[in-house]
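**Student:** Residue numbers (the working numbering), protein chains in the order written: chain W, 1 to 310; chain G, 1001 to 1543; chain Z, 2001 to 2386.
These are calculated hints, taken from the structure and not from any lab test.
Do not take every clue at face value.
[To be verified] Just the calculated beta-carbon pair ranges, DEER-fashion:
(1) Z/Val2037 <-> G/Gly1028: 22 to 28 angstroms
(2) W/Ile64 <-> Z/Val2216: 54 to 60 angstroms
(3) G/Thr1080 <-> W/Asp190: 21 to 27 angstroms
(4) G/Leu1410 <-> Z/Ser2056: 36 to 42 angstroms
(5) Z/Thr2036 <-> W/Glu118: 33 to 39 angstroms
(6) Z/Thr2058 <-> W/Gly8: 51 to 57 angstroms
(7) Z/Asp2374 <-> G/Glu1022: 27 to 33 angstroms
[What the hints assert, rightly or not] Take a look, some chain W residues computed to stay more than 10 angstroms from chain G by CB distance:
(8) Leu81
(9) Arg92
(10) Val131
(11) Leu134
(12) Leu172
(13) Ile189
(14) Leu204
(15) Ala279
Glycine included, C-beta positions come from ideal geometry on N, C-alpha and C.
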Amino acid sequence: MELFNALGDIFSSDALYVSAFQLSVLFLFAGAGEWVAERAGTLNISVEAMLLAGAFGAAAGHEIVAWSIAGLVGGCIAGLLIALIQANLSHRLTANQFVVGLALNVLVLGLTAFLATEIDLGPARAEVVSVPALSGIPLVGEALFARPWPAYFVYLLVPAVWWLVFRTRWGLEVRSVGENPQSADVSGIDVNARRRQAIMLCGLTCGFGGAFIVLGQVGQFQSSIINGRGFIAIAAVIFGGWTLRGTVIGCVLFGLVEALTLATPVQGYRIDPVILDVAPYVVAIAVVLLFATRVRQPRALAQPFVRGLT
Amino acid sequence: MSQTAGVTSSPEGGTPAVRVHELTKRYGDVIACDGVSIELRCGEIHGVLGENGAGKSTLMKMLIGLVQPDQGTIAIRGRTVRIDDPRRAAELGIGMVHQHFSLVDELRVWENVVLGERGRLDPRAARQLVADIGERYGLTVDPNARVGDLSAGRRQRVEIVKCLRRDPSIVIFDEPTSVLTPGESEQLFDVLRLAVEREGKAVALVSHKLDEIRRATDVVTILRRGRVVDSMPTADAQANSLAQAMVGRPVSLRSEAAALGIAKANGEGRPSPLRNPPPSELRSTGSAGSASARKTSPALEIRGAVALRSDGSTMLDGVDIVVWPGEIVGVAGVEGNGQAELADVLANLLPLDRGTVVVSGHLVETGHAGVMGASGVALIPEDRHDAGCVLDLSVADNLHLSKLASGAGLGRIDRAQMRADAVRLIEEYGISCIGPDAPFRSLSGGNQQRVVLARELSSDPVVLVAAQPTRGLDVGAIEFMSDRLRATADAGVGVLLISSELEEILHLSDRIVVMHRGRIVGEVRSGEADIERIGLLMGGAVV
Amino acid sequence: MANELVNASALDVVTSGPGARTRFGRTAPLSDRALTVALYLVSIGLALLISGILVSATGGSATAVGGALLDGSVRSPGAWGLTLTTMAPLLLVAVGTIVATRAGLVNIGQEGQLLIGACFGAYLAVRLQGPGWLVIVASLVFAGVGGAMWAGIAAALRAWRNVPEVLTTLLLTFTAFPLMTYGLRQNWLIGDRDTSRVNHINSGEQIPFDARLPNVELFGNSIDSGVIIALAVAVAVTWMVTRSRLGARIDVLGLNPRAAQRFGIARRPVAAAVLVGSGFLAGAGGALLLHGGAAGDRLAFGYSGNFGWDGLLVALLARNRVLLAIPMAVVFAMLRTGSSFLASTGVDRKMTDVVQALLVLALLLPPAIIFLRDRRRELAGAKAAA
């Protein structure tokens, strides 16, 4: 009974949905980009690095020009830079994409922490923009329609990515490259170029996402600002079965669960924090377990392509 | 090289669509193409005949931009060109219908057809395009179907449509009939004739099958060991001289027919097998290897084999096959009708959902690692690289693979013994390699197949399953393999031969069964084999 | 109704490309070898150069930093000992990873496995009464069991439902940390039973003094016995992998899983066993960390300190060869111990993370370049396709 009361209280507070939305936005930006990258056949482990770089870039950009848009631009550029390294080492120089990703994670973590102590980065916040009528909706109104303005891009993100991958020639080629690079190559497509471009797209969205978490949530850069959420985004793609819809569901789910983690202490209920901390991951594992037979990965995922081999 | 004479006129007057002059390609010490000169003319089907390894594939890869020549020139419509990549080839009006590697299974037909083009993606226009070309050439196929769901024959149609959508003036067909029933092959040749006569294209048909070349082409050029041996109008060519030119020595059309791709006339087959007892009841005897067991029960008996995919669709739909010791049973059928799955069952790779597999009177559990091998089932797989060998290991390692699973895990591998065994087998099977430690990868296709054969036969099997055993091999290697299969059967082993090459089936089998959509749809004795009927059965007709 | 075809390992990441194993180390011509060495020197030099620039650009002195790193890792008294002590757990984790990779598995959960192992080890170490050596051995084994169980969850999910282990091992790592936090607060688990200590809520009980790994005198030097253990394990595993039947089976499984199944190497059980074994070694590494003292002699939040991740990197960089993993582990250990001396130069400790990452990236370049060049050559020298 106590539990139901507790849940009832938590779920009826606006704050939960706000924070769920905020976190979901982060996951969605990372997850959508990673989804494209994985459909192109590359397992991009450096999402964490891209997000963190985006966060740092946003703070840095805002330092240079005190507009929040400068922060966004800075974040995107930083994300793209990381993507540039990941893309070219993995798909031009055929280095092991795994090692590159892990190394980038360590590099960006260390570098941003190091630079943050050397350079003084002030606060950076984007203004909240409320949509007039809709923000009044009970419970979810504030969460969905009265957010810092960069958040609204998420409504464009998913349809844009969907359209890009399923309605354009570029998307068709990206999909073919992830399934059967040999056939794509013979058909005249530059396999590695498409893979690099997919990673760059991921860098762009992750850079944006990282920027958002600074500008729209925390308000300044901290080296622990991402804290493993990049990996959760990768998990979302996998457990979404490499479909966009599944990825979106995963990202929203993770956002919600993490928000619960944060909300329950605030409400004064003492559910053991351990349960809340492990909840997202256990949920992820459980979902993958349940839907495992439907999971079908892009056939050429994580297999480097060099013409003339196999 | 004799001049091509008496060819039909081309719209551009005397200029050939393609003139290849002294084209040479070396791979290290091996010369794949040696000063090849050839001319393709519009309105003409030009056959390029040669056994596997003769250089036909390399020549075509150069024309399509996948490989760059070391020497020589290519002239398209009189202008010398460099073909850097497939896109450039397409711009020049050269199209190729590939055997593999050109379709993406997960995409739809229309998506595959427009893959690689430039410009906006227009699904409706693409679907219309597929329908139009289909109608023009008699190659209808559903634009919205997922390519992976289509049969091999349909997939080839998609390949052809994809090739023709750019309206190339030069079309190359690379071994197109390997996935077709005889009836479908005829339809294909009609398409070729149409392309050439009505559309005025220049068509090249690359093949290792004599019959095909003689039936479908106007001019034939024979390649051997990378060189052009001869070139002449097909009408003037004798089967015998073609065969001899192809192989380089006098040939017996009768005994080497299968290798040369000559379908047999009725009645010629191998002598009746050692035993031909009527199917008897199962008798469970003692050890599988005892002589009495071998003689009184079938070597292999598959009853009601059903295998389903995870989505419920059937791969094997109630297969019944019996193989007696000493006989060769040929499973004819176009690729993609369950043959690969059947072989996988016999290779422990696929468990059955229903049905039984009985080897020498003993029931064998399917899908469990190593069980088939332990029961005496040897397998030459369809694609040796898939489950038949480990490319990155040595020849000796590969020869040892069947013994790897037995014995204590933490025991030392007796490498000296392994080597000695390997040396013996290399000698016995005439495997050409540097030595037992040579990387398996470095062997030629024929030699790799010999290694597989050596390993499988050395385990003293009761049943030998040979899936597409001579695919990609040259005539000599095909001969060797065929002889070995016969010898194995003569020694009392039951041989199950699965092949999509009808000539091979006809030539080697005592009994022929036809497989279609995962079931056995018909059976004939070799002596009474009627190619037409078999062809119809292969295509699914009820006869 | 498990009737899917036995497919190749789902994510065939490290068994292709420059990290791939071939049984044949080509004896390359001298010019090739010289080029290889030159490439490595140039890339490492580049990494160090960039690091130096970073340091200078933020007001530090590159030479001071370099000196401090060397002091911390080898030059100052006792530094070598500490470096080697730090190397030992890294090596154990790396060895376990290498075996898993050879079997075609992608285990990236070493950090979690190590942490859980450390917890198990600590639990036993503070409770078992007996001579020091007994406690140590028991703790190592029990820690291994803990790590094995942790990896076992991923192995079970993979065997039962084909869930890619790259995902499960990763998620399990994130799960391990909160669980440890929980455990630290329960006295009946790994919490400190001495509640009078100030920080007792956040850290565990100190392991008994005589349960610390003793030093061994060898050739006049004092070497941590943990190092001996790690090296012994490395040698044993190398033997197993290169000479035993099990090693050959693992190789075949990793190189061609379908062939493995065909020839009697049961893919699921063997892969699961290898994954569990790799977890065992990572867990034991956690105990080695605890008893060796490289991260302190009591558990605390975040105790694993990226030893797991670094062990994984060591394995990947060593191209899955155990003998190469040893010097690689030493280098990583040197960076760790060296970083503790950085404070005196005014440069933040995080700098070593940057240096480490740059070195890793630098070490990726030469194999990639060589691989590309070799493949081009091989294409030219290969037998022509028919």
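**Student:** Each of the hints needs a verdict: does it hold here or not?
**Tutor:** Outcome of the hint check:
With their beta carbons about 26 angstroms apart, Z/Val2037 and G/Gly1028 fall inside the hinted range of 22 to 28 angstroms. The supplied range of 54 to 60 angstroms is met by W/Ile64 and Z/Val2216, whose beta-carbon atoms lie about 57 angstroms from each other. Against the hinted window of 21 to 27 angstroms, the Cβ-Cβ separation of G/Thr1080 and W/Asp190 comes to about 26 angstroms, which satisfies the hint. The given range of 36 to 42 angstroms is broken by G/Leu1410 and Z/Ser2056, whose C-beta atoms sit roughly 55 angstroms from each other.
The supplied range of 33 to 39 angstroms is met by Z/Thr2036 and W/Glu118, whose beta-carbon atoms lie about 37 angstroms from each other. For the hinted restraint 51 to 57 angstroms between Z/Thr2058 and W/Gly8, the CB-CB distance of approximately 52 angstroms keeps it satisfied. For the pair Z/Asp2374 and G/Glu1022, the supplied restraint of 27 to 33 angstroms holds, since their beta-carbon distance comes to about 31 angstroms. No Cβ of chain G comes within 10 angstroms of the Cβ of W/Leu81; the nearest lies about 30 angstroms off, and the non-interface call holds.
Consistency note on W/Arg92: stated as away from chain G, and its beta-carbon is indeed over 10 angstroms from all of that chain's, at 17 angstroms minimum. With a least beta-carbon separation of about 34 angstroms from chain G, W/Val131 lies farther than 10 angstroms from that chain, consistent with its non-interface assignment. With a minimum CB-CB distance of about 35 angstroms to chain G, W/Leu134 clears the 10 angstroms threshold, and the non-interface call stands. Not every Cβ of chain G is farther than 10 angstroms from the Cβ of W/Leu172; the closest lies at roughly 6 angstroms, contradicting the non-interface assignment.
Distance to chain G contradicts W/Ile189 as a non-interface residue, since its nearest Cβ pair spans about 6 angstroms, not more than 10 angstroms. For W/Leu204, the condition that its CB be more than 10 angstroms from all CB atoms of chain G holds, with the nearest at approximately 22 angstroms. Under the 10 angstroms C-beta cut-off, the non-interface status given to W/Ala279 relative to chain G holds; the minimum distance is some 30 angstroms.
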